[in-house]
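Counting in my numbering, the sequence shown runs from 1 upward without gaps.
Worth flagging that the hints you see were computed from the coordinates, not collected in a lab.
Among the hints, a few may not be true.
[Stated by the list, open to error] Here are the simulated lysine to aspartate or glutamate pairs, EDC-like style, with alpha carbons at most 16 Å apart:
1) Lys120 to Asp83
2) Lys55 to Asp83
3) Lys71 to Asp113
4) Lys120 to Asp87
5) Lys55 to Asp23
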Amino acid sequence: MECSRHFFVGGNWKCNGTLESTDKLVDALNNVLIPSNIEVVFAPTSLHIARAQQKLQHKEIKVAAQNAWVKGNGAYTGEISADMLKDAGLEWVILGHSERRSLCGESSQIVADKTVYCLKQGIKVIVCIGETLEQRESGDTSKVVTEQLGAVAQALGTDVSQWKQIVIAYEPVWAIGTGKVATADQAQEVHQTLRSWLSSNTSAEVAQSTRIIYGGSVSAKNCTELASLPDVDGFLVGGASLKPEFADIIKSGSAKDPSTK
Numbered sequence: 001m002e003c004s005r006h007f008f009v010g011g012n013w014k015c016n017g018t019l020e021s022t023d024k025l026v027d028a029l030n031n032v033l034i035p036s037n038i039e040v041v042f043a044p045t046s047l048h049i050a051r052a053q054q055k056l057q058h059k060e061i062k063v064a065a066q067n068a069w070v071k072g073n074g075a076y077t078g079e080i081s082a083d084m085l086k087d088a089g090l091e092w093v094i095l096g097h098s099e100r101r102s103l104c105g106e107s108s109q110i111v112a113d114k115t116v117y118c119l120k121q122g123i124k125v126i127v128c129i130g131e132t133l134e135q136r137e138s139g140d141t142s143k144v145v146t147e148q149l150g151a152v153a154q155a156l157g158t159d160v161s162q163w164k165q166i167v168i169a170y171e172p173v174w175a176i177g178t179g180k181v182a183t184a185d186q187a188q189e190v191h192q193t194l195r196s197w198l199s200s201n202t203s204a205e206v207a208q209s210t211r212i213i214y215g216g217s218v219s220a221k222n223c224t225e226l227a228s229l230p231d232v233d234g235f236l237v238g239g240a241s242l243k244p245e246f247a248d249i250i251k252s253g254s255a256k257d258p259s260t261k
């Protein structure tokens, strides 16, 4: 089976930014030449989404949200619904980030429910999964990440059209914001495990078409090696997405062959 998986690079600004810094970061992105085989999105805070959209002139880059409420509009103080994201012209949202799971107690089932609701509203989803250092050292990496992915898979089933609206972001928690990064072998092993799991539990077509990207202290120094791995289809970038090196990370996928067997 042969299908195309365009390289995907997402920038997660997390709880960072001012109007001034948003203007500077977006101006820099406007000047980045994006190779034709690469898709790019970035996620400012909710307060800065409108400003980023106003400043963004690059047609090949999209603005994303960092989270969405599990239901529609209503008496949910402080939340932002997928209905609102759609109304604001957004196409992407990040769900299930480890910081949401740990700080806000979001379960894999909640992440799956959010994913389903967002997809119904026409919002594409970057679903984050990943293990803690304790779980890795206990040899539970595969168990943890497939259980997290399994909640989404159970909700979506084998509908390829739905899976094509999703990007799976493998982000080992121990590598997020720590300066540590999974080795090439570690990253490839988990990505391959996830793709094999999808093949066995959904379908071979879903496994081959679904993009699985890596996140966790991605930088200009390590992105080229990671991008060359056969089952790494891009990156979800945290701190480095706020720096000029984000352009280098985007371009690291330019040599990636979009045809994967």
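Results for each hint:
1. Lys120 to Asp83: holds, 10 Å
2. Lys55 to Asp83: Not satisfied, since the Cα-Cα distance of roughly 23 Å exceeds 16 Å.
3. Lys71 to Asp113: Since the Cα atoms of Lys71 and Asp113 sit roughly 9 Å apart, the hinted pair holds (cutoff 16 Å).
4. Lys120 to Asp87: Between Lys120 and Asp87 the Cα gap is close to 14 Å, so the pair holds against 16 Å.
5. Lys55 to Asp23: holds, 7 Å
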